[in-house]
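J.: Protein chains in written order, with my numbering: chain B, 25 to 370; chain W, 25 to 370; chain G, 25 to 370; chain P, 25 to 370.
Just so you know, these hints were derived from the structure itself, not from any lab. A few of these clues could be false.
Note that identical chains are pooled: a pair holds if it fits in a single copy or bridges any two copies.
No farther apart than 27 angstroms at their CA atoms in a straight line, the calculated lysine-lysine pairs in the DSS-like style are these [said to hold, decoys possible]:
1. K177 <-> K40
2. K169 <-> K285
3. K177 <-> K220
4. K227 <-> K40
5. K220 <-> K40
6. K220 <-> K169
7. K285 <-> K101
8. K101 <-> K177
9. K177 <-> K285
10. K285 <-> K40
11. K40 <-> K169
12. K285 <-> K220
13. K101 <-> K169
Listed below, chain by chain, are the residues.
Number of protein chains: 4
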Amino acid sequence: MLIVMRHGATPDEVQKVISVIEEMGYQAQPMPGNQRTAVGLVGNDGRVDASRLEGLPGVHEVIHVSQPYKQVSREWKADPTIVRLPGGVAFGGTEVVAIAGPCSVETDRQIIEAARQVKEAGAVVLRGGAWKPRSSPYSFQGLGKPGLRLLAKAREETGLLICTEAMDETGLGWVAEMADIVQIGARNMQNFSLLKIAGRCGKPVLLKRGISATVQELLLSAEYLLAEGNHDVILCERGVRSFDTATRNLFDLTAIPVVHKLSHLPIIADPSHGTGLRDKVIPMARAAIAAGADGIMVEVHPNPEEALSDGAQSLFPDQFAQLMREVRIIAEAIGRRVAEPAAVGA
Amino acid sequence: MLIVMRHGATPDEVQKVISVIEEMGYQAQPMPGNQRTAVGLVGNDGRVDASRLEGLPGVHEVIHVSQPYKQVSREWKADPTIVRLPGGVAFGGTEVVAIAGPCSVETDRQIIEAARQVKEAGAVVLRGGAWKPRSSPYSFQGLGKPGLRLLAKAREETGLLICTEAMDETGLGWVAEMADIVQIGARNMQNFSLLKIAGRCGKPVLLKRGISATVQELLLSAEYLLAEGNHDVILCERGVRSFDTATRNLFDLTAIPVVHKLSHLPIIADPSHGTGLRDKVIPMARAAIAAGADGIMVEVHPNPEEALSDGAQSLFPDQFAQLMREVRIIAEAIGRRVAEPAAVGA
Amino acid sequence: MLIVMRHGATPDEVQKVISVIEEMGYQAQPMPGNQRTAVGLVGNDGRVDASRLEGLPGVHEVIHVSQPYKQVSREWKADPTIVRLPGGVAFGGTEVVAIAGPCSVETDRQIIEAARQVKEAGAVVLRGGAWKPRSSPYSFQGLGKPGLRLLAKAREETGLLICTEAMDETGLGWVAEMADIVQIGARNMQNFSLLKIAGRCGKPVLLKRGISATVQELLLSAEYLLAEGNHDVILCERGVRSFDTATRNLFDLTAIPVVHKLSHLPIIADPSHGTGLRDKVIPMARAAIAAGADGIMVEVHPNPEEALSDGAQSLFPDQFAQLMREVRIIAEAIGRRVAEPAAVGA
Amino acid sequence: MLIVMRHGATPDEVQKVISVIEEMGYQAQPMPGNQRTAVGLVGNDGRVDASRLEGLPGVHEVIHVSQPYKQVSREWKADPTIVRLPGGVAFGGTEVVAIAGPCSVETDRQIIEAARQVKEAGAVVLRGGAWKPRSSPYSFQGLGKPGLRLLAKAREETGLLICTEAMDETGLGWVAEMADIVQIGARNMQNFSLLKIAGRCGKPVLLKRGISATVQELLLSAEYLLAEGNHDVILCERGVRSFDTATRNLFDLTAIPVVHKLSHLPIIADPSHGTGLRDKVIPMARAAIAAGADGIMVEVHPNPEEALSDGAQSLFPDQFAQLMREVRIIAEAIGRRVAEPAAVGA
């Protein structure tokens, strides 16, 4: 950490900064410059509270040199984390994993049909929300617990693994019991109470990037999970908020190589939310794989025109099949391959 | 709602849109244009799910004409909502209310001292976090329930009302029991499970705008509270995320008159989080009042240099006293006045 | 265009809107709704000035249904524009074109060496700035006109085409005379005086997206060029401003399919500026091609460590060679191929 | 400047950084830390090109400690710059100056009428565009040179000073000859060729903040003017681009105290562009003054409903008169006063 003093800060002000650093148990290294003096704080273990120093007289700015996260960092663990699921599916290795299915679980028939269709095209994990975070209280909020039972039935019939979102403590208990992957949605990325519970739930967690979260904040939220003992964390880029309304979100694919450099955790991409437009999903799924994503998460509905939520960004089943064909070629072009449902089967 | 067809959409595609609208129980009004046809959906009660229409062939765009919220709207209730608290304090009337206190409750002595200081300067509500949402799991997370007891003690000694944040269901139960105002923080603005519980908690709720929430999303989150029966809702502008790192957030004061026009709910401003810089708090608190805010929420610490959180943006007590002097003049300049603690006192 | 009236607008106010529309020479179609009345403006030729209507009493909002641009639109011209250059190079067809070279032209030796290296790797157009827009007046501003002469020499020696930026009227005259493609940089995307001149310069124009321009604004700026008679326009996505400092800009690759749908103009991507980080250029160049870009523009320097500008995002020549190998495979995976310098040669 | 090495950087990599710093003529000060080593660059005169160091092997990040601007800085000149105009009007002193008038000069009658109306209400400078930067080539582009003559006539008749925008070299020559203040618009804030000419034009310059410019970039653009010898620079906050479409721009009033702290230059605020909505202009003009702005710039039209541009954000003359009454009270509340046209008059 570097404490930059104002131009014209007095020797007493510099001395005060040094004293506070030492009082906090660290070492201070003054560094006089042409325009201003800076004081280095040496020995930072990532727990220094900067705001105490920012508030001192004569301080211009406090600059963070160390990263505020630890266990999620490549510097903490150099080898990539491979999150292993039943049936040999793994996120973070050579294979690229496809998660697909409808936005919401709606009916018995809808989810079974969707499961069969996405499996046939090449998905190995079925997605589908039983609880849906909706901006408006008057929108469809999901089937709740009965939705979970329908997902379990779809797994039984197809052998697909299940990934579904939990929105609060009670729901998370049920999801962790039933699903193979517990999803924490973008709106809850900084719901720290929920993260702490997810960190102790015993199942892999798919953590989606918040709608205006920096990569650093995403990694800090993941740190909450690891700090509670859960190392099976899959990150997910799903678009961030921007000024242009041409797409629903701004799909930040550069976050894929950025995360891969900073962290050992796997990261997948969700082009359905990332773009919000059906006809942008195929090119952007290809782009995600080309950028190095460890998987994709795609909304597919047997009949998007009748979907109770997100119909406009859900693919028709045959579009998803086309997407998987294209994604396979791109994956191979960069030396990876798409995980096949055969590996999961009954 | 207006469904805009692509240039060159076929008559069959237009007809399909009309049929679906009628099937959904609304009336369709086609509107042919030079470049393209549009179809109006008449009779929208705010519950139409646009994505079903967006997905139809030949549809270019669906444009929302009605607002998606209802009970929070000025069109629903023309007169301003006045949120009344014990001792005659009211948000949303002629008076401007000051909420002040430290970021976190730290010790018995700290919170009592802060309470006395802010009361003396003119605050009528004491703020202070018992639970703190922190980006890093290694930062100070608040005292928890014992913090609530210290706030209760401060109220007893000073007569100030108490406003403090709840982060989850369990905590909200305790906060609603003890505090006068239950705060939902920016990171939880779209934690819909928590909003539903807050909507049934029986206490006024202070709802802070999320870090990248639009005004419409803020109003929709407030709608969750009203939909559950809680009409005592105070909104709070506290800065949004932007591209410039010169300030911690971008303090969007125009949101004050924007909300006043769209909604009957009172709205206050938090210049401490809005700017993140101690020396910007005074000018921006003045600006908030000049823009028409119904109150301000300010971080004040007896000794900011030793604060466990947010030290750099907390005012020294004498700075807060100066701020209150300046704010009083601005309030009077626009025909309002600052609520005085005398009205509350023992 | 749809003029949405406030809830409770009077019949007189609605009538006034109708009169003004008719006065402007268009047809008005009132559309009463449950919550509010809307009035359609029929016959919009793209030249209606909305602000006149926005200002009328009782008007809540004016919604644009028609696109404000014309000649750049797919609706105006359905077939893709193919921008043809000397030697058979074409942007917008099946081939994917690589533009590469240093940020700035620095010396005779540097630019010749760079040209040879990028040609060997597979570029067919050489980039290199003679005038550099720099945030600070104290940064290297480019060699100016002598830089153009060095570029001409590099073309002579390698057969590569030349693309270089013009920043004002005088410079544009020189660039149009010498270069094969005139670049308008991001900071000048809305320098309308310069666009008008570029629209009459007789050479193809590469128009970079402004740092916070919407896709619609990019297309409107291109419209300035077409309106002046220049139809040889190549658009370029190069990253937009965002809140996350993890990358220099936020590379908006979804803009590629968005532009391809709205416009017939070709669009390429610049992963060097789009990410600002050398080790992100290769994965994001692959992603750009996978997303459907008609070309890439990449900064390559014979010795990036000694570059006078943008050293940190310039590739080493062998990195560029690797990038071209990977990009070729991705292009073929989606049925395209990389334009080869052989087609240009001496 | 601080060069932060990657965790695990080799001693050779650290040594290379030290050598390059010394080669560049500065002093290197290594600073080993727990997690990583940093190397301080001492002696930075503001001209160090960081990208050369960013590109070196083993470098994690380069952190700027010095500000990249010089002459605009408070550290360079502690006392506020007062920009003096004919008739005793001054920006940057105790007085708050009002600039008002229509978006565009349209007709003889319109501009004279507007001038009389804004003078009567209390403006001392008349604004009005002769050249208008418009997103679309088909929108009204201004009267051009004849517009300047109409402005001159309005000055003659009212004694108001004139502020008008120049968009290119030719136009700037004419504007500098005729007007009292040369305006550089938001879209040209980084048109460096134009800035250099404005820096030698001999008239005070009003420099508007670019739509997504950081405060630092605004100051760097001002530095271009000072570096050319023009010290009479007035900055202007006019809203930045954001994700919320509730207002046209996000009016960043905190930029006022931020600029006042970093720079000695005066800064005014433009609530018309800052909000884009007529009924938000009055509260936000009050807020601007309360935040410490040295003036305001407001669009007023004799008949906004017939304005050729920006009608929806232009005030009616009586609204402007009300605004001036309110602004006077706020100014006095913070110890300033509004400059009166009397001081200018014939």
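J.: Decide, hint by hint, whether the structure agrees.
T.: We went through each hint and held it up to the structure:
Within a single copy, K177 and K40 get their C-alpha atoms no closer than 66 angstroms, and across copies no closer than 34 angstroms, so neither meets the 27 angstroms cut-off. Within a single copy, K169 and K285 get their C-alpha atoms no closer than 39 angstroms, and across copies no closer than 40 angstroms, so neither meets the 27 angstroms cut-off. Within a single copy, K177 and K220 get their C-alpha atoms no closer than 29 angstroms, and across copies no closer than 30 angstroms, so neither meets the 27 angstroms cut-off. Taking CA atoms no more than 27 angstroms apart as the test, K227 paired with K40 passes in neither setting, with 48 angstroms inside one copy and 45 angstroms between copies.
In the homo-oligomer, the alpha carbons of K220 and K40 never lie at most 27 angstroms apart, since the shortest distance is 38 angstroms inside one protomer and 44 angstroms across protomers. Taking CA atoms no more than 27 angstroms apart as the test, K220 paired with K169 passes in both settings, with 22 angstroms inside one copy and 18 angstroms between copies. Taking identical chains as interchangeable, the C-alpha atoms of K285 and K101 lie at most 27 angstroms apart only when both belong to the same chain, with a minimum of 12 angstroms there against 43 angstroms between chains. Taking the shortest alpha-carbon separations for K101 and K177, neither the intra-copy value of 38 angstroms nor the inter-copy value of 47 angstroms comes in at or below 27 angstroms.
In this assembly of identical chains, the alpha carbons of K177 and K285 never lie at most 27 angstroms apart, being 39 angstroms within a copy and 40 angstroms across copies at closest. Taking the closest pair of Cα atoms, K285 and K40 come within 27 angstroms of each other only across two copies (23 angstroms); inside a single copy the shortest separation is 38 angstroms, beyond that limit. In this homomeric assembly, K40 and K169 never come within 27 angstroms of each other (Cα to Cα): the closest approach is 58 angstroms inside a single copy and 35 angstroms across copies. In this assembly of identical chains, K285 and K220 lie within 27 angstroms of each other by CA distance solely inside one copy; the values are 25 angstroms within and 40 angstroms between copies.
Proximity of K101 and K169 under a CA criterion of 27 angstroms is satisfied in neither setting, with 38 angstroms inside one chain copy and 36 angstroms between copies.
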